[in-house]
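Taken in sequence, the protein lines are chains A and B.
If you're matching positions, the first sequence starts at 1 in the working numbering and goes up one per residue.
If you're matching positions, the second sequence starts at 1 in the working numbering and goes up one per residue.
Simulated from the structure, these hints should not be mistaken for laboratory data.
Treat the hints with care, since some could be wrong.
Given that identical chains are not distinguished, each listed pair holds provided it fits within a single copy or across any two copies.
Computed list of lysine-lysine pairs in DSSO-like fashion (alpha-carbon distance at most 30 Å, straight line) [what the hints assert, rightly or not]: (1) K103 <-> K91; (2) K351 <-> K338; (3) K91 <-> K338; (4) K193 <-> K271; (5) K351 <-> K188.
Number of protein chains: 2
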Amino acid sequence: MARIVMKFGGTSMAGTERIRRVARIVQRQQAAGHEVAVVVSAMAGETDRLVNFCREANPLYDPAEYDVVVASGEQVTSGLLAMHLQALGCKARSWLGWQVPIKTDDAHAKARIEDIDADALMASMASGEIAVIPGFQGVAPTGRVTTLGRGGSDTSAVAVAAAVKADRCDIYTDVDGVYTTDPRIVAKARKLKNVTYEEMLELASVGSKVLQTRSVSLAMKERVRVQVLSSFIDDDAPAADTIPGTMIVSDEELEGLDMERQLITGIAADKNEAKITLTRIADRPGAVAAIFGPLAAANINVDMIIQNIAKDRGETDVTFTVPISDLARTQALLEERKDTIGYYRMLANSKVAKITVVGVGMRSHAGVAATMFRALADRGINIQAITTSEIKVSVLIDEDETELAVRVLHTAYEMDGE
Amino acid sequence: MARIVMKFGGTSMAGTERIRRVARIVQRQQAAGHEVAVVVSAMAGETDRLVNFCREANPLYDPAEYDVVVASGEQVTSGLLAMHLQALGCKARSWLGWQVPIKTDDAHAKARIEDIDADALMASMASGEIAVIPGFQGVAPTGRVTTLGRGGSDTSAVAVAAAVKADRCDIYTDVDGVYTTDPRIVAKARKLKNVTYEEMLELASVGSKVLQTRSVSLAMKERVRVQVLSSFIDDDAPAADTIPGTMIVSDEELEGLDMERQLITGIAADKNEAKITLTRIADRPGAVAAIFGPLAAANINVDMIIQNIAKDRGETDVTFTVPISDLARTQALLEERKDTIGYYRMLANSKVAKITVVGVGMRSHAGVAATMFRALADRGINIQAITTSEIKVSVLIDEDETELAVRVLHTAYEMDGE
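Looking at chain A on its own, in the form it has when it is part of the complex (with noise of 0.2 Å):
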């Protein structure tokens, strides 16, 4: 017997019949002798929906508002679920994030978790009720509904597998693994039997829609065993959790497991990222602290930063990137610090893709970004933007071009398989 979180996504939650397939999913485990909490997504398309509606609001809309509108999402699928598993004869109840409780601080629209209380919530479990969690959710300090950013889900459903001490933490998705890239933009893409989590932290933080970043992080962190697999199986398959997906271990577990591993494991593309020039900024201390000093008081989080100096006028220009979600926050910020920053124009570009390359191999090995540059050269694709880390290099580049730079990189690492 083992005690088990189960997380499904929005496209497996989309609509009576998926859920109710959900629902034999869940039910198989706990005839299996497990203890099972399940964490849910809002129904596909549903969240979009709702944001729109905030947007049209007020596009400076509050953020514990809108926390209060989409939180609604993951609300409806929860009770639902229960319901479900309930026909099937199981025992089950939702719990919402303000009843578990899930404590967040109070970083409304991107909160982070705090604390789970989860004696109530493993009481129940041990009574054989199963546990069903509205992921993304949680509550403030101050009593108000927070919500975890987008695909928050896999963080929730990571934080209670750690709450809740699971042996494992099933993440269900509408693909069957971990690719080397994803399938849709390159056919022959693998699938990887195991990664690490900084490997998935970082493929997760540059797009790959497989799991959110944080939760990745909180796996790390936590120690928390993460499997991800697929929802999309026939009722006759074997239970789900029999159909190997993709492991997330640590490094040392790797090497046991997979001595033959390749250079790169991943390519990840990710356009949500905007990209923003201040002109002519004073070249002086402080100058880049008053861009960013303010930015990071609003949660709003820049990646990439390029500062080109010309020495010769005493000025520069920044560049950087911003979510998408965060433009016109972002802009709305940074037109009222005008005078205080000192800059002469402000350009956006949403038209701009990430793309990065990942592997814990790139520690011991020379040339990865050599190679990267070259494929890249040899098709005229042009790079605007550089970051490196110890086990990733990103390069950011126009939109137009993704799918071709992810096809150039995915042969030119050798990745291709049959």
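Go by the hints and put chain B onto chain A.
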């Protein structure tokens, strides 16, 4: 300066443009110097959509999970209206049922409000912040979400008005007041300037869509001044509260206001009842209790009851009505208890309508019922059941004859306007 609770229904909240219009109506009240709380319904159609998901999940759904699902509709509109008000420059925030808190009993899907802790709400309103409260929802002693049953948002509004000691509770609807009957059925229906709590109670309880029964009964008990008025006014029109709607007043007030009132105030039709007949029940003490005890325990409201006694057999047929929404549950409950109750067959018919004529004048006049029966008989309309109270007479007829019956009675009581 007054303290006002305003309530807007689903049609007024259906989509961005309509919510924006509601925000302007609310803003105008605040600009006039009033302290304002707003109670909102879900967008028109949303609750039906959610209820449908519940029915698909499990026809005999768990009402506690049903509440989790359907309460989301009002949660969404309360957040959105707060945003729209903020966009107009007003201070505003949403207060979910459990946040106020609006404490109810634990009769899920038809909970009753037991207490509203209005301190935080009143402090917020006194500070110039508009409180936006989702109607229809509360929180049970167990800490779980409850709903008040369909149309419960009116009840929420009156309860909030009582709790914050409001000077007035303005119920904005898609009609501009209370009419002698549904103007869509009878073109010559007239708008009433005043109607008593008791009359409104009878009209509401028998299908007038203007106000929900419990809201009127609560207003009567708490002496909340309620006004029904239209939310569909032009932006350029004078403030909505200067256009006369219908005021709901006590008997004593009415006597001062309207000496020349007609005998019958209104006629309502209700198609939301279903008729159940249990045949050949033993005519012995306790037999009826065996039927209605379990229904009461399951919070199913039985309305009309008729017992046909066949003395020769020592058996009886019992016919009664329940809300259509409870029909499946009622049938399941009675099926389970077939042996205990000892009936022969259970017959159900949801194609019935209840027609009710209401008037405080009825107390001092004979002949109201006689006029009714004669007028219906003249048109060949068969009466299946009858109930009366001091100020009303109700008859159950075939659903197909609803509109005909209402028109015939409106004319028979000389209520037709110009």
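- Up to 30 Å between alpha-carbons, please classify K91 paired with K338: within, between, both or neither. between (58 Å within a copy, 27 Å between copies)
- Task: State whether the alpha carbon distance between K351 and K338 is at most 30 Å within one copy, between copies, both, or neither.
- Result: within (24 Å within a copy, 69 Å between copies)
- Message: At most 30 Å between alpha carbons: which applies to K193 and K271, within, between, both or neither?
- Response: Answer is within: at 26 Å inside a copy they meet the 30 Å cutoff, but 60 Å across does not.
- Query: Between copies, within a copy, both or neither: which fits K351 and K188 at Cα up to 30 Å?
  - Reply: Result: close within a single copy only, 27 Å intra versus 61 Å inter.
- Message: Cα distance capped at 30 Å. Does K103 pair with K91 within a copy, between copies, both, or neither?
- Response: Answer is both; intra-copy 26 Å and inter-copy 26 Å each pass.
Checked against the numbered hints above, the structure violates none of them.
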